[in-house]
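> Please arrange chain B on chain A, whose structure you already have, making use of the hints.
Number of protein chains: 2
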Amino acid sequence: MSIRIGILGYGNLGRGVECAVRQNDDMELKYVFTRRDPSTVSILTSGATVCSSNDISDHKDDIDVLIICGGSATDLPEMTPKYAADFNVIDSFDTHAKIPEHFERVDSAAKKSGHIAMISVGWDPGMFSLNRAYANAILPNGRDYTFWGKGVSQGHSDAIRRIDGVQDARQYTIPVEAAVEAVRSGKNPELSTREKHTRECFVVAKEGADKAKIEHEIVTMPNYFADYDTTVHFISQEELDRDHKGIPHGGMVIRSGVTGWNDETKHVIEYKLSLESNPEFTSSILIAYARAAYRMNTEGISGCKTVFDVAPAYLLKMSGEEMRAHLL
Amino acid sequence: MSIRIGILGYGNLGRGVECAVRQNDDMELKYVFTRRDPSTVSILTSGATVCSSNDISDHKDDIDVLIICGGSATDLPEMTPKYAADFNVIDSFDTHAKIPEHFERVDSAAKKSGHIAMISVGWDPGMFSLNRAYANAILPNGRDYTFWGKGVSQGHSDAIRRIDGVQDARQYTIPVEAAVEAVRSGKNPELSTREKHTRECFVVAKEGADKAKIEHEIVTMPNYFADYDTTVHFISQEELDRDHKGIPHGGMVIRSGVTGWNDETKHVIEYKLSLESNPEFTSSILIAYARAAYRMNTEGISGCKTVFDVAPAYLLKMSGEEMRAHLL
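First to last, the protein sequences are chains A and B.
Here the first sequence stands for residues 311 to 638, where the numbers follow our numbering.
Here the second sequence stands for residues 311 to 638, where the numbers follow our numbering.
Certain hints may be false.
These stretches of chain A come out as covered by chain B in the derived footprint (C-beta under 8 Å, 3 or more residues) [unchecked claim]:
1. 312-321
2. 442-454
3. 466-477
4. 586-596
5. 620-634
Hints listed in this document are in silico derivations from the structure and should not be mistaken for laboratory results.
Yeah, the Cβ is synthetic: ideal placement off N, Cα and C, and Gly gets one too.
Chain A on its own, in the form it takes in the complex (with noise of 0.2 Å):
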């Protein structure tokens, strides 16, 4: 029997959900909840139906994982705990400093039904955390170092969109390639934010819009911008839609550390992600999480969860023979 599964909220994680669960032939997508007019909302697999968000309930019995796909500042905060309620949910709150706050409020509720919630679930969070921990294990003597791009901030992005005068923007964070470089030699370096990171706009500007104006907002802009050396590119609209339409991301993990009686021998661990589409691989992280909250529920596991707490065995389809004569 196949893992049946719902989505809240069909935006392009959601859209990248559904792909996923083609993908996994253990799996079935049932239903996709909307706050929209279900009737508005056309998706891609025959056989699931499109319900309205606050129908959920009614289809507690007719799912085994809910993946929510919402926002992290408002919708996550809220929805995690009062689904888990009903379902096994999973999601992938990216806050990092509210996960603890996060955790407490799910744990609660998920233990209360007896139900599975997974917090956190993506990359980075993620994917990212995991190969910290793992390296952390490997070499407690040692530093993390975490890049990020080269890839579409949104957060970003947005930012430069609110600016007086600009119609359009996007902008990509590239890591320092010469930061990389003494971190992967096992230098250990101290490095500031500048060091670590650059950022590239590209900016489509009112027509009439004072462009050095804009320019000079973007880069001096606290927190966003003003930290590190930003480069802006004005382009037209066309342009922009050619050429600037993906949602790349990705990013590298690294700790260098020592062992020996002495400290003496170095080591250098690498984790490296190259995305065409952050929200199709963050779908496809959280697919395979489902699976583990389905098969540990099924176990009478239940409570609030992290990519910490999931032996990696519970990921896949295949049995622990299969696994451990084509894997390990």
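Showing chain B alone in chain A's frame:
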């Protein structure tokens, strides 16, 4: 209270484990068991005792986890099931083809005694296996590539040393950069053995030996060298001792795969290790899994386990709360 560690076998790996225990303040090395005369074995840790491996059962209540540092060919198939009767044990069994058989024998011994026996812990099998598993779970539609090196292959070095007229030798396995780049680009190339790795040999010939004949014997040796582009350098014993005494190794696991409704989006996941000492890095992994074995066994779990069965949280000294706050 510290986790009490015993080491069986005091070669490069055993010494590495001793160093790794020192870096983890929740662990304590209690005993080193050796097949040699204990009075001839001198260890680094004050407070630990060297004992004959014949007396190992006398100490079954004195240690929490026994790290078995033996060879995969003949030692581990016998030792791991045997000692799983009295101890939680960890080994680094690395004969990939024989893992299923080893698992079965160890599993029945460990289940009978109520202990945990973790097998095939290291970096390949081990961390590379984990990365294959995670990447396969995320990108079911894709392809795995494993490259080894640049690093010393002990087996190939030994094979050269067995050739008539060879006094000493060191062999390096080197990934072919063009092949690695093709894989990283997401091209999913078909790669022959020769296209993936080259082999470089540093050989000390005995006085008066026929170097041309030695070189011919190396490059045509079936299984070991015939399928590779192999370079042979004759050097002096002094040069070998000066420039090639380390045991560096490493490599990469790369999975390239596609997502999207029509498999239109490419992603590449890469895990890379650069290690100055193969045995010291392997030892550090063994110690992290010793912590996991101890904790899982105190929770009542027993039987044979691999890295696939261990939730990452068991590997780290820090609490779940600390992990979520600092690593997630």
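> State whether the coverage of the segment 620-634 of chain A by chain B holds or is violated, taking the criterion as 3 or more residues with Cβ-Cβ distances under 8 Å.
Check passed, 11 qualifying residues.
> Cut-off 8 Å, C-beta pairs, minimum 3 residues; does the coverage of the segment 586-596 of chain A by chain B stand?
Check passed, 7 qualifying residues.
> Taking a Cβ-to-Cβ distance below 8 Å as contact, does the segment 466-477 of chain A have at least three residues touching chain B?
violated (count 0)
> Verify this for me: three or more residues of the segment 442-454 of chain A with a beta carbon less than 8 Å from a beta carbon of chain B.
holds (count 9)
> Within the assertion that chain B covers the segment 312-321 of chain A, do at least three residues meet a Cβ-to-Cβ distance smaller than 8 Å?
Answer violated; 0 residues pass the 8 Å Cβ test.
Checked against the numbered hints above, the structure violates hints 1, 3; every other hint is satisfied.
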